[in-house]
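Start from the sequences, fold in the hints, and give me the full structure.
2 protein chains.
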Amino acid sequence: MLRTHTCGELRITDVNKTVTLCGWLQKGRDLGGMTFIDLRDRYGITQLAFNTETNPALCEKARKCGREFVLKVTGKVIERSSKNKILTTGEIEIEVTDFDILNEAITPPFTIEEHTDGGDELRMKYRYLDLRRTTVRANLELRHQVSQQTRKFLDEQNFIEVETPVLIKSTPEGARDFVVPSRMNAGEFYALPQSPQTFKQLLMISGFDRYYQIVKCFRDEDLRADRQPEFTQIDCEMSFVEQEDILNMFEGLVKHLFKQVKGIDIENLPRMTYTDAMKFYGCDKPDTRFEMKFVELNDLAKGKGFPVFDNAELVVGVNAKGCSEYTRKQLDELTEFVKRPQVGATGLVYARVNADGTIKSSVDKFYDADALKMWAQKFDAKPGDLILILAGQADKTRKALNELRLEMGTRLGLRDVNKFSCLWVVDFPLLEFNEEENRYFAMHHPFTSPKPEDIKLLDENKLGEVRANAYDMVINGVEVGGGSVRIFNKNLQAKMFEILGFTKEEAQAQFGFLMNAFEYGAPPHAGIAFGFDRLCSLFGGADSIRDFIAFPKNNSGRDVMIDAPSSIDDKQLKELSIAVMKK
Amino acid sequence: MLRTHTCGELRITDVNKTVTLCGWLQKGRDLGGMTFIDLRDRYGITQLAFNTETNPALCEKARKCGREFVLKVTGKVIERSSKNKILTTGEIEIEVTDFDILNEAITPPFTIEEHTDGGDELRMKYRYLDLRRTTVRANLELRHQVSQQTRKFLDEQNFIEVETPVLIKSTPEGARDFVVPSRMNAGEFYALPQSPQTFKQLLMISGFDRYYQIVKCFRDEDLRADRQPEFTQIDCEMSFVEQEDILNMFEGLVKHLFKQVKGIDIENLPRMTYTDAMKFYGCDKPDTRFEMKFVELNDLAKGKGFPVFDNAELVVGVNAKGCSEYTRKQLDELTEFVKRPQVGATGLVYARVNADGTIKSSVDKFYDADALKMWAQKFDAKPGDLILILAGQADKTRKALNELRLEMGTRLGLRDVNKFSCLWVVDFPLLEFNEEENRYFAMHHPFTSPKPEDIKLLDENKLGEVRANAYDMVINGVEVGGGSVRIFNKNLQAKMFEILGFTKEEAQAQFGFLMNAFEYGAPPHAGIAFGFDRLCSLFGGADSIRDFIAFPKNNSGRDVMIDAPSSIDDKQLKELSIAVMKK
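Keeping their order, the protein sequence lines are chains A and B. Under my numbering, think of the first position of the first sequence as 1, with each following residue one higher. Under my numbering, think of the first position of the second sequence as 1, with each following residue one higher.
Think of the hints as simulated: they come from the structure by calculation, not from any bench. Each hint can be trusted.
Copies of the same chain are indistinguishable here, so a pair counts whether it falls within one copy or spans any two.
In silico DSBU-like cross-links for lysine-lysine, where the CA-CA straight-line distance does not exceed 30 Å:
1. K72 to K451
2. K152 to K255
3. K262 to K419
4. K152 to K216
5. K495 to K571
6. K262 to K152
7. K574 to K504
8. K490 to K61
9. K495 to K64
10. K72 to K495
11. K259 to K152
12. K571 to K582
13. K571 to K504
Dropping the structure here:
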């Protein structure tokens with residue numbers, strides 16, 4: 001080793017030891033007779049001291065070193081006269097007797113500090129410098145810890161990690177695949193897996209009983225702010241279990257992770273049906289760090305001559321506690337907010353419950369004091385509260401009110417990143433109708449089992465009413481995991497493909513291997529997958545998953561550091577029997 | 001859970017418990033009044049007993065169940081009258097009171113037994129059934145254990161696992177890349193990584209200090225028997241280290257794995273230079289489970305009028321101890337063996353040392369008894385030994401003798417799969433000359449550092465003499481890992497690219513990001529990568545890595561189970577701006 005110690009480990013008890021450290025020059029300070037350098041490595045920062053009088057040549061050499069120079073330094077550990085309470089090494093410094101410059105550095109394009117002056121694009125281009133920043137490195141250390149603890153928990157529960165293939169077969173169902181031309185099989189393509197779904201089911205059929213894998217998955221979708229073309233999943237499957245067993249097992253995993261990684265004890269996870277989630281929160285991943293449940297007002301609001309409400313399928317609102325003093329400007333902002341195309345409401349109705357108990361609404365013309373009092377009762381609104389109401393087509397209005405509720409939660413500081421609220425959302429619909437394509441799609445995926453008691457609805461052509469044994473784990477309004485009990489019967493699986501519009505031939509061509517496997521003794525099985533990047537960002541209290549990925553891609557799917565993707569040469573194309581088409 | 005216990009856990013102490021088990025019907029036996037079923041799951045086999053007299057209907061139902069049916073069985077644990085000493089559950093059986101058929105099974109295409117009647121192709125097509133066989137599952141359980149213990153060791157040594165990207169940039173140097181057309185960047189391609197080499201070096205530049213990853217890598221090469229297009233590496237890198245530190249650290253890893261996984265204590269690994277490996281074993285990955293070192297005979301063999309030896313660059317042989325009684329037929333077999341095109345020798349000379357000390361050779365015409373006695377002394381051949389000699393161009397002869405040595409090792413039973421002999425091969429040449437392309441290639445890769453004392457040879461144009469700080473770990477004649485100290489100086493790296501025939505522009509286009517990174521303070525660093533599949537197969541005492549991969553591909557790169565690769569539809573091609581070219 002070029003060093004005897006790291007820059008994070010020396011303490012007052014090490015005084016008088018002769019040590020050698022290696023690291024980067026974080027910062028230098030010249031104070032008349034002394035020069036100080038902060039030397040940084042992964043483990044911490046140690047102060048180096050050079051004395052002009054005792055060793056002028058060495059001091060001169062030190063003064064010529066710039067930021068991010070790589071140094072190897074030998075000296076004696078001494079007690080500092082002015083101690084630094086923030087640094088763990090802050091009680092000591094190194095009286096340097098000798099040092100080598102292992103490598104020089106030109107000036108970095110941004111400062112390597114917690115709060116850097118580098119913009120997003122610059123930091124991505126020089127990601128290797130961005131990763132030197134303590135915050136970014138801490139994110140990846142957290143990620144490592146979450147992965148270690150996940151493995152520890154699952155290993156102890158007898159799960160076995162099995163690597164499934166990356167070069168698999170393309171299937172048109174679901175999101176778009178990345179494909180890989182095969183040189184040895186001209187004109188044919190592999191696909192990169194969107195998930196190891198069929199493989200983990202085959203492993204259950206093989207009797208592996210409990211499988212997991214922390215695994216890269218790929219989706220060629222248009223990227224939104226927080227999606228990556230390659231992402232990581234904690235992928236799990238169990239045999240001879242029912243939904244309840246999966247919920248208990250993975251509730252255990254998440255509790256373990258919170259305890260070990262964050263030191264937080266999590267309560268048992270409440271369960272909410274999909275129907276309730278939509279009714280009370282307007283979305284299937286409610287942020288339950290705060291209450292502010294939806295209150296439906298059709299019975300009290302309609303038939304009083306206010307055309308907006310009378311023509312609406314649904315009148316629904318929330319009680320923003322303590323907001324009755326909102327100014328005209330603030331209310332206008334909220335109105336603008338709900339009218340944004342992403343939210344999609346046509347307007348906002350409010351009712352303030354004043355300190356004296358009187359109620360002032362934006363629709364006083366149609367509703368008298370008694371009517372408004374009944375509103376307040378229904379919303380459990382007390383003096384000081386503000387009722388916010390939207391109306392219109394039911395689904396759209398719930399979706400818009402969900403946005404408004406989250407906005408109010410943010411404004412009221414109810415969405416603390418250091419507070420965690422976890423729940424299961426259960427009883428998802430099996431199918432959802434797609435207007436554009438005029439057919440049903442699997443809400444989870446085509447291998448999800450309907451609830452046994454709902455299977456008869458499949459035959460009665462009440463497809464939209466069929467519930468699935470499917471479940472999502474939601475933390476702070478983020479879907480961190482989801483899964484289902486799987487179909488393990490060939491005929492039921494064939495029926496599902498039929499409902500999803502597959503011909504028998506298509507089903508056989510794409511999933512024949514799985515349906516054949518069902519014939520050789522498939523056990524009941526169920527599973528779940530967690531978005532690992534997302535879980536890490538949640539644990540790290542951050543919004544973006546990008547900060548928890550070492551080398552992320554930008555919104556065009558580019559790695560701007562290595563400049564990928566890039567063109568390849570004609571020889572390569574020819575070998576692969578493909579050509580690039582001009583647009 | 002559908003079960004109370006697994007099929008592997010019940011013991012005599014559980015007698016009288018009422019239990020529920022789930023599993024597959026391994027085998028049924030009807031013995032007059034009793035029917036017995038062996039029920040199998042991942043954890044073991046438990047015998048089920050059905051009594052015709054006490055419950056005829058249940059017994060009848062049991063008799064109708066075929067092999068591989070999935071059953072859920074409830075009954076009482078009872079002591080067996082005739083115990084099975086081989087099974088851990090062999091002292092008990094279940095007196096079944098009730099059971100459900102969870103799923104039926106048609107007859108599998110081969111028997112699910114340790115020694116199956118299924119051929120290779122059939123087992124690959126029905127890999128999910130092959131994986132039910134205890135031996136195959138045990139291989140994957142071993143793999144899981146090797147991975148767990150690798151992580152445990154490296155975690156404790158402060159290594160941090162960082163996931164590097166799978167969608168990267170294609171580089172023409174080295175093996176052929178798999179590429180992925182980018183839809184969002186028409187006409188451009190990602191490449192799948194052949195290794196995370198440049199990324200792990202960037203992580204060192206970022207200050208990560210100790211990195212590892214168990215990671216999938218990809219090479220689009222023509223597949224030999226034991227190569228897979230996707231394979232797994234244990235990939236590692238350290239900063240502020242010298243070669244010695246890497247050797248010690250990863251010697252520690254391998255010792256840990258042998259101890260924890262195999263219960264074997266491994267001695268400190270001997271080191272052998274590349275030059276010695278070639279001189280004494282004719283290859284850079286000698287199987288040192290047995291001695292049989294090469295002995296060079298030029299001084300004694302040449303100039304005696306035997307034209308084959310006189311015209312040879314090298315006369316070299318081995319002493320096959322105890323083989324003096326080999327028959328004419330056996331010697332002919334060996335001659336045929338060395339003359340095979342894969343081995344490439346033109347003939348074989350032998351000399352038997354008889355029990356009475358006389359020596360009989362196939363070249364007695366040219367060498368008298370005294371001359372042969374000197375041979376015997378040089379080979380340290382005792383009565384009963386057989387000297388085998390090849391001659392010709394030095395490199396080719398060494399290569400051929402290596403094959404002969406291994407063949408003799410096998411014939412003499414010296415290559416026991418349960419015996420392990422590990423070593424480091426060090427001081428590899430930096431460059432090797434490729435006759436076809438008339439240029440030097442990097443023997444390891446272009447980022448490998450020359451030995452500091454040999455750098456001057458680069459300028460003196462003695463390229464073939466430059467040694468690298470590169471090392472391979474060899475176990476039982478298999479290269480399980482290899483690595484090097486890396487270049488961390490921009491100018492030296494630029495010179496390497498120049499030597500390898502890159503123009504400045506090419507070097508910049510392909511590796512500009514790395515060379516730029518070297519400008520911002522790159523630390524000295526070094527690393528290693530282990531072939532994880534190979535390591536597992538070695539631990540499992542098997543020749544083929546395929547048995548240690550859950551879903552391997554065949555020699556044409558096909559997954560015959562899922563039938564990949566396959567054609568994709570025109571819409572997909574169009575979106576990707578590519579077309580398939582007819583050959």
